[in-house]
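Required output: the full structure, derived from the provided sequences and hints.
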Amino acid sequence: MWKSIGWRATLIAVLTAASIVLVLPSMTDILPSAWMEKSPKIHLGLDLQGGVFLRLAVEIDKAIENTNMRYADDARAILREKGIPVLAMAKDGISGFSLTLPPGEFADRALRTLKEEAGTIDYTLGPVTSSGAAIRGGMTENEVKAIRANAVSQAVETIRNRIDQFGVREPQIVAEGEDRIVVQLPGVKDQQRAIELIGKTALLEFKLVDEGASVEEALKGNLPDDDQLLYEKNVDPQNGRVNRRPIVVKKRAVLTGESIKTARVNFQSQRGGAYVGISFDNRGAQIFDRVTAENVKRRLAIVLDDTVYSAPVIQERISGGEAQITGSFTPEEASDLAIVLRAGSLPAPVKIIQNVSVGPSLGRDSIQKGIRAAMIGAALVVGFMLFYYRFAGVIADVALIFNILYLLAGMSLLEATLTLPGIAGIILAIGMAVDSNVLIFERIREELRSKKTVRASIDAGYDKAFWTVVDSHVTTLITAMILFQFGTGPIKGFAVTLSMGVAINLFTALVCTKVVFDYLNARRPMQALSI
Amino acid sequence: MFEIIKNTSIDFMQLKKYAFFFSGAVVAFGLFAVFQIFSGRANLGIDLAGGTSLQVRFEQQVQMDQVRKVVTAGGFPEASLQSVPEENIYIIKVSAKGEEEKMVGEKVVGLLRQGFPSNPQTVESIAEIGPAIGKKLRTDALFALAVSATAIILYLAWRFEFKFGVAAALATFHDVIMLVAIFYLLGREMDLLFITALLTIGGYSLTDTVVVFDRIRENIRLRKRNTFSETINLSVNEVLSRTVITSLTTFMACMALLLFGGIVLKDFSLALALGIIIGTYSSVFVASPIVAIWRGEKMVQVKR
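Residue numbers (numbering that gives the first Met the number 0), protein chains in the order written: chain A, 0 to 530; chain B, 0 to 303.
Errors might be hidden in some of the hints.
As the list claims (entries may be wrong) - Pairs of lysine to aspartate or glutamate residues, derived as EDC-like cross-links and limited to a Cα-Cα distance of at most 16 angstroms, are as follows:
no., chain 1, residue 1, chain 2, residue 2
1, A, LYS491, B, GLU105
2, B, LYS135, A, GLU175
3, B, LYS265, A, ASP364
None of these hints come from the bench; they were simulated from the model.
These figures come from a predicted structure and were not determined experimentally.
Below is the structure:
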């Protein structure tokens with residue numbers, strides 16, 4: 000008997016000591032730093048520490064379409080350079096386009112030229128009629144597949160770069176399924192700004208302004224084929240009003256954000272406004288040099304996501320590979336713009352399909368209320384057990400405290416995430432924890448009534464209630480595990496605390512309490528039991 | 000020895016017809032509520048229906064109808080408002096109608112900032128759920144309910160004989176449906192946390208049922224009574240105190256959560272607390288009588 004008691008008591012002592020070592024770092028920060036750093040900790044969910052949860056849908060079809068339209072524009076430009084007129088250009092599905100040529104001997108020459116100069120596209124010649132000929136261009140299946148496969152991982156990479164530069168501790172950015180991305184930013188304070196930073200496509204383009212085109216005509220819808228109508232956004236610094244001015248630019252970008260080597264925020268000393276200075280890579284610098292040389296005294300529009308930020312006049316050839324993006328920026332806006340330019344553009348636009356943001360104050364409030372509810376709940380349960388089962392109740396209460404301690408230790412060990420529903424799970428587990436002891440104690444009372452000795456009653460009570468306790472726990476465990484499988488973040492937290500609490504309860508209620516009774520009986524057989 | 004319930008000898012089997020009538024009526028209404036939910040005529044949370052929910056704390060006191068006026072004038076007459084007056088907190092919800100995207104958090108915040116310029120607000124939380132995600136969460140929730148029901152029946156069928164398993168499963172179904180009926184009747188919001196409460200109650204209400212069934216099985220083996228009804232009556236009376244006390248301790252914990260846990264968990268803990276009461280009732284008045292009716296009065300041994 001003693002041997003068995005000693006063995007069980009040692010196990011409990013070791014578990015308890017280990018639990019205290021595991022739990023302390025999550026509770027206080029006055030411990031030696033080596034202990035604090037090495038020990039696994041309970042993480043707080045976004046609902047408790049505040050933060051942003053975003054689910055984004057990457058519009059991959061848009062990425063394919065954009066690439067496709069670029070190819071179409073290129074093809075037309077190539078043909079025009081060779082003196083082959085193109086009457087019309089149209090989209091054909093998301094990964095194909097068609098060019099209409101005038102009648103005559105153009106068709107064969109055009110096809111040959113395109114095949115030579117634009118290798119990655121499949122070109123086929125449609126029927127040649129008296130009214131003209133059509134050439135169909137289509138992206139290869141492999142290229143479409145590659146875009147599909149890479150769009151999400153590229154977007155994840157880009158968003159990670161942006162977030163890293165924005166400065167968030169322990170961000171989580173993962174792809175989900177075929178076209179989704181989940182972003183979690185714990186503890187981020189300026190939430191709206193972070194969301195905007197992530198959602199921006201940030202496609203930067205330099206486009207020449209078409210000085211010959213009339214803005215009035217363009218507003219009516221009469222636009223030359225290779226022009227487009229954009230708006231220049233201006234914020235009045237006095238009253239914060241946004242002005243939008245139409246401007247006609249060439250569709251074809253002379254340079255894009257891909258050529259940017261680095262970008263940083265600068266301040267104009269006299270006006271105090273912020274602007275973003277960019278420097279191009281070698282190839283970009285060469286192109287910029289040529290374009291500025293060819294277009295002195297004309298305007299160059301700086302376009303981000305189809306909005307013109309500024310359209311300065313090129314005063315002289317710019318050879319250093321340096322440029323400035325001015326506009327009416329606040330310092331934060333300029334800093335965010337520099338971040339997205341450094342991190343690069345997203346391969347496709349993203350749409351926010353789920354946004355859960357919790358402010359830090361609500362998180363703190365939730366923790367306080369959760370802890371208070373847990374304390375009160377535990378006090379009620381502990382008080383009731385003392386009142387109803389007297390001495391046996393004391394044993395059950397001590398077991399309950401061990402139960403909570405082991406639960407917190409288990410969560411630390413697994414580095415589990417504690418959420419607000421998770422706190423509810425702990426409170427519920429406290430209520431359920433004493434159930435096992437109630438079942439056992441009621442059984443012992445029954446045995447005592449049938450005039451058995453105290454010791455025999457205790458043994459019979461534990462023995463006969465065992466399967467009832469197990470059965471009643473298993474069903475709760477089953478549902479908790481299913482919740483864990485299907486639940487979203489906060490609810491997963493509930494499933495974790497509830498299932499661990501209930502599972503640990505089997506040990507504390509059946510083993511921990513029994514060893515106390517066994518010890519008391521082994522010392523001197525009990526004559527009476529306060530239960 | 001302190002006892003709340005001393006040796007009782009209530010004739011539960013005599014009461015079963017009243018219980019069946021009551022439960023039958025509530026379950027019928029619950030099924031109607033389920034039908035209403037699926038036809039989109041229930042108060043579904045935005046995490047299941049899609050939409051926007053935001054919690055705003057005003058610095059000074061503000062009247063509900065003032066907030067309503069500002070939100071309505073801003074183009075959201077269908078928004079639902081909920082308030083915690085003593086903390087000047089408002090929860091504003093705009094659900095998505097149909098497939099329409101309703102990511103309007105920033106817009107509503109802007110309306111409040113303009114509408115109450117002299118009463119600064121802190122946005123404590125924003126949740127925006129697109130219809131696609133709402134749909135996914137909805138199917139996930141239904142799937143979870145189906146899987147857990149199946150798993151519980153399989154476990155019970157393995158641990159008890161088939162008829163006990165089915166009776167326990169029916170009682171669990173009864174508990175869950177009754178909870179839906181009450182929430183529908185009260186017009187309370189049904190969200191993911193409510194589904195979580197349903198699943199939890201589904202698991203927990205079996206605790207009491209298992210306690211009663213274990214005792215019935217034991218008493219059949221010991222042949223303490225001659226008929227099955229009498230055996231059930233004896234068993235239920237014998238374990239009545241522990242059935243009530245186990246529920247009571249868990250109920251106390253839920254009440255602490257309901258009263259002190261804050262607004263986010265309020266409906267969740269209400270569902271749990273109600274579910275515990277319903278689960279206790281059903282293990283006595285629903286599960287056992289079903290077994291009695293199905294098995295007849297023969298005292299056949301129950302397999303273990």
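Cross-check of the supplied hints:
This hinted pair does not check out: LYS491 of chain A and GLU105 of chain B have alpha carbons roughly 28 angstroms apart, beyond 16 angstroms. This hinted pair checks out: LYS135 of chain B and GLU175 of chain A have alpha carbons roughly 13 angstroms apart, not beyond 16 angstroms. At roughly 14 angstroms between alpha-carbon atoms, LYS265 of chain B and ASP364 of chain A fall within 16 angstroms of each other, so this suggested pair holds.
In summary, the structure is inconsistent with hint 1 from the numbered list given earlier, while agreeing with all the others.
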